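The residues making up each chain are set out below.
Protein chains: 2
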Amino acid sequence: MTLIRSWLTAANDPACPFPLNNLPCGVFSTPGGAPRCGVAIGDQVLDVAGMEKAGLLHLAEKPLLQAAAWNPLMDAGQPVWEKLRSALMGHLREGSDTQDQLAAYLHPLSSVRLHLPFQVTEYTDFYAGKNHAFNVGTMFRGPENALPPNWLHIPIGYNGRASSVVVSGTPVRRPWGQLKGPQDEAPRFAPCARFDLELEMGAVVGKPSSGPVTVAEADDMIFGYVLLNDWSARDIQAWEYVPLGPFQAKATATTISPWIVTKAALGAFRASTPAREKPLLPYLEEPRPMLYDIQLSVELATEGGPATEICRTNYREMYYSAAQQLAHHTTSGCPMRVGDLLGSGTISGATKDSRGSLLELSWGGKEPLTLPGGGTRSFLEDGDTLTLKGQCKGEGYTIGFGDCTGTILPALADPYAR
Amino acid sequence: MTLIRSWLTAANDPACPFPLNNLPCGVFSTPGGAPRCGVAIGDQVLDVAGMEKAGLLHLAEKPLLQAAAWNPLMDAGQPVWEKLRSALMGHLREGSDTQDQLAAYLHPLSSVRLHLPFQVTEYTDFYAGKNHAFNVGTMFRGPENALPPNWLHIPIGYNGRASSVVVSGTPVRRPWGQLKGPQDEAPRFAPCARFDLELEMGAVVGKPSSGPVTVAEADDMIFGYVLLNDWSARDIQAWEYVPLGPFQAKATATTISPWIVTKAALGAFRASTPAREKPLLPYLEEPRPMLYDIQLSVELATEGGPATEICRTNYREMYYSAAQQLAHHTTSGCPMRVGDLLGSGTISGATKDSRGSLLELSWGGKEPLTLPGGGTRSFLEDGDTLTLKGQCKGEGYTIGFGDCTGTILPALADPYAR
Numbered sequence: 001m002t003l004i005r006s007w008l009t010a011a012n013d014p015a016c017p018f019p020l021n022n023l024p025c026g027v028f029s030t031p032g033g034a035p036r037c038g039v040a041i042g043d044q045v046l047d048v049a050g051m052e053k054a055g056l057l058h059l060a061e062k063p064l065l066q067a068a069a070w071n072p073l074m075d076a077g078q079p080v081w082e083k084l085r086s087a088l089m090g091h092l093r094e095g096s097d098t099q100d101q102l103a104a105y106l107h108p109l110s111s112v113r114l115h116l117p118f119q120v121t122e123y124t125d126f127y128a129g130k131n132h133a134f135n136v137g138t139m140f141r142g143p144e145n146a147l148p149p150n151w152l153h154i155p156i157g158y159n160g161r162a163s164s165v166v167v168s169g170t171p172v173r174r175p176w177g178q179l180k181g182p183q184d185e186a187p188r189f190a191p192c193a194r195f196d197l198e199l200e201m202g203a204v205v206g207k208p209s210s211g212p213v214t215v216a217e218a219d220d221m222i223f224g225y226v227l228l229n230d231w232s233a234r235d236i237q238a239w240e241y242v243p244l245g246p247f248q249a250k251a252t253a254t255t256i257s258p259w260i261v262t263k264a265a266l267g268a269f270r271a272s273t274p275a276r277e278k279p280l281l282p283y284l285e286e287p288r289p290m291l292y293d294i295q296l297s298v299e300l301a302t303e304g305g306p307a308t309e310i311c312r313t314n315y316r317e318m319y320y321s322a323a324q325q326l327a328h329h330t331t332s333g334c335p336m337r338v339g340d341l342l343g344s345g346t347i348s349g350a351t352k353d354s355r356g357s358l359l360e361l362s363w364g365g366k367e368p369l370t371l372p373g374g375g376t377r378s379f380l381e382d383g384d385t386l387t388l389k390g391q392c393k394g395e396g397y398t399i400g401f402g403d404c405t406g407t408i409l410p411a412l413a414d415p416y417a418r
Numbered sequence: 001m002t003l004i005r006s007w008l009t010a011a012n013d014p015a016c017p018f019p020l021n022n023l024p025c026g027v028f029s030t031p032g033g034a035p036r037c038g039v040a041i042g043d044q045v046l047d048v049a050g051m052e053k054a055g056l057l058h059l060a061e062k063p064l065l066q067a068a069a070w071n072p073l074m075d076a077g078q079p080v081w082e083k084l085r086s087a088l089m090g091h092l093r094e095g096s097d098t099q100d101q102l103a104a105y106l107h108p109l110s111s112v113r114l115h116l117p118f119q120v121t122e123y124t125d126f127y128a129g130k131n132h133a134f135n136v137g138t139m140f141r142g143p144e145n146a147l148p149p150n151w152l153h154i155p156i157g158y159n160g161r162a163s164s165v166v167v168s169g170t171p172v173r174r175p176w177g178q179l180k181g182p183q184d185e186a187p188r189f190a191p192c193a194r195f196d197l198e199l200e201m202g203a204v205v206g207k208p209s210s211g212p213v214t215v216a217e218a219d220d221m222i223f224g225y226v227l228l229n230d231w232s233a234r235d236i237q238a239w240e241y242v243p244l245g246p247f248q249a250k251a252t253a254t255t256i257s258p259w260i261v262t263k264a265a266l267g268a269f270r271a272s273t274p275a276r277e278k279p280l281l282p283y284l285e286e287p288r289p290m291l292y293d294i295q296l297s298v299e300l301a302t303e304g305g306p307a308t309e310i311c312r313t314n315y316r317e318m319y320y321s322a323a324q325q326l327a328h329h330t331t332s333g334c335p336m337r338v339g340d341l342l343g344s345g346t347i348s349g350a351t352k353d354s355r356g357s358l359l360e361l362s363w364g365g366k367e368p369l370t371l372p373g374g375g376t377r378s379f380l381e382d383g384d385t386l387t388l389k390g391q392c393k394g395e396g397y398t399i400g401f402g403d404c405t406g407t408i409l410p411a412l413a414d415p416y417a418r
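These protein sequence lines are chains A and B, in that order. Take 1 as the starting number for the first sequence in full-length UniProt numbering and just add one per residue. Take 1 as the starting number for the second sequence in full-length UniProt numbering and just add one per residue.
Incorrect hints may have been included.
As the list makes no split between identical chains, a pair holds if one copy fits it or if it spans any two.
[As the list claims (entries may be wrong)] List time: in silico EDC-like cross-link candidates among lysine to aspartate or glutamate, alpha-carbon distance up to 20 Å:
(1) LYS278 <-> GLU185
(2) LYS83 <-> ASP403
(3) LYS62 <-> GLU217
(4) LYS366 <-> ASP43
(5) LYS62 <-> GLU303
(6) LYS393 <-> ASP43
(7) LYS83 <-> ASP220
(8) LYS393 <-> ASP403
(9) LYS393 <-> GLU144
(10) LYS180 <-> GLU285
(11) LYS278 <-> GLU395
(12) LYS278 <-> ASP184
These are calculated hints, taken from the structure and not from any lab test. Source: prediction; values computed, not measured.
Here chain A stands alone, though its shape is the one from the complex (with noise of 0.2 Å):
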């Protein structure tokens, strides 16, 4: 695949994130206006919204662009998401002939406020990554029980709390809770001293199921994907998650890109999950490639401080996909519904420095990462801000998802003060 040049030069540019081959989907508000849905296109968001009102776009008989999320347009089905990127497609191509109509519902990257882009209907959360899995083991059970007996025939997951789901930017406050170390006599309840990150990307379920669905057709329900950032309170999580899982460890919040990159936009870019070290039941083959290869990566800046990277690893490094994750979440006959989110696992690569956690980056605090700019993080301190990027890269063009960011603030003095 090419770039698709546009009539807007900026989206032309090689290393541009939103190049016309993307279209992404979010939602923005201008100072004064209601959120409402955009597609970044150059260093602009076009208000889609505001063209379905004028008459510009028509996908459907009842407006799907109006709604402060994309569920509505989602819920309207494939055949309408084409017809939503070709008629973009048409109106922003270079030779376009409906240029100076589009004049007034551009606007510059910079002057907008983004939203989360959808409205979260349930969040998943799994744990697909080898490595990551198999670091954590190992920190906790050694390198012979490293992996769970499972791990190898089950794309592992839990629920997780879609009211925590917050779009990048918006700060995250460190959390109290009931922490045990090993050394303590007795449970207290306090600030969270191990706050940590967890690199995601996140699949936005597009269209609904009412029982088991097999990898191709949950391939075909995914709307598309975002880069996600699973806040981890590991001191909380270690004392609470026998025997029924995280529950409030992972409750803070869960920061998400502000742009769904469609599975259109990605479609270049499959990529195959590894070989299988135990071959998977029937019902988890994946027929195609159903992974991507989009680059990965994590800067950490301390208060005031620069941006230093301390992870660089691929998406193509799970050994799930999202399409069989989706598949095993149905088995049960759980219905699906759109809007519904679904976490990949953190992401981390073979070498140290393409762990996706600071767990695993400070080996459980015991190797501390040292700051170009002077000082050491085990976990996260108050003041650090959090960004995880991705792109993928084609021929002379970029694919982006917007930084999926966060700053952490210091914990209430007194969670109950009023």
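Given the structure of chain A, go ahead and fit chain B onto it with the hints provided.
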């Protein structure tokens, strides 16, 4: 508290589950009509949606009872909850002068269809029954290690799947899933062979929160309670749940009663949690009685056979109240929303006949139940109908929830046949 007499004489029967003291909230439809809010009284449903539309109930500037869910009314806040209860008391009390006006809004319960009473926003299930946790722990780890170390300190919970919550009467299809028994060399994909019930109460959150709340505040946030059956696939659960907790084993269905019994109706039946074996951290201390004296039972009817009571217990058996669970749920800053549903965890008493799951009643299948009509049960078989019942006994009156029932359909022959 004694009976509050109504001019609807059926409501004054001491055995009637819906006296004027109760006024539970449901959603009903008459043949050809749209689902709308109703309140049970005697052997009738009062069409409160119709009354609001006709100006007989004025609760707020905007209508609150026209949706097919009680969420808008809950969202309006506790003063409005009280206003509704007080207005209905006025209309339905013996001697009311609006009796003639109300006739048009009463429908025999036997003539209506009942729907899910509220839109379930997110669903959390707890593990707060000590006898249940001890029984299950004993089966899996022996009596010395039965309770996990955190159990006496944390109301252990996990996020469930809101999309799988259904109203009483909805058939429940036996799920497929990934299984691996102790004798199996490799996992297989097959219908669940150990399908079970869990007798629980559900608390319905009626007020949102955005940060940690105290137990007293949490109690204020609860709108009411339902009966809840958390259907569980024990064989799927055993293979999947380490390390991240139950996932597909609990995602087939969770059945709730058609009526939400409000906190106001339950006020006379408040009971304290039992004495603490280890002191709780202050954030979890119960400032006043927050459990309820609700008599619970489970009936099993084989296909075409009579119903047999297989369990009799009481909600008082719980170690943690819903208010304590909700307070813990918010410690991390996790936002709670109107319509969130909290399952209590399985309610088992100390005696064998008071155990709230077949896993416990048949001791993991080792001691099958003998049914009076012949046959035995270790786990549920196709065609079995399970019915949960709950009641509070006041002086001369009963508070009921309506049955919480479901019949097991056989697993699909091929879950991927289209």
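Taking the numbered hints from earlier one at a time, note which ones the structure violates and give those numbers from smallest to largest.
2, 3, 4, 5, 9, 11
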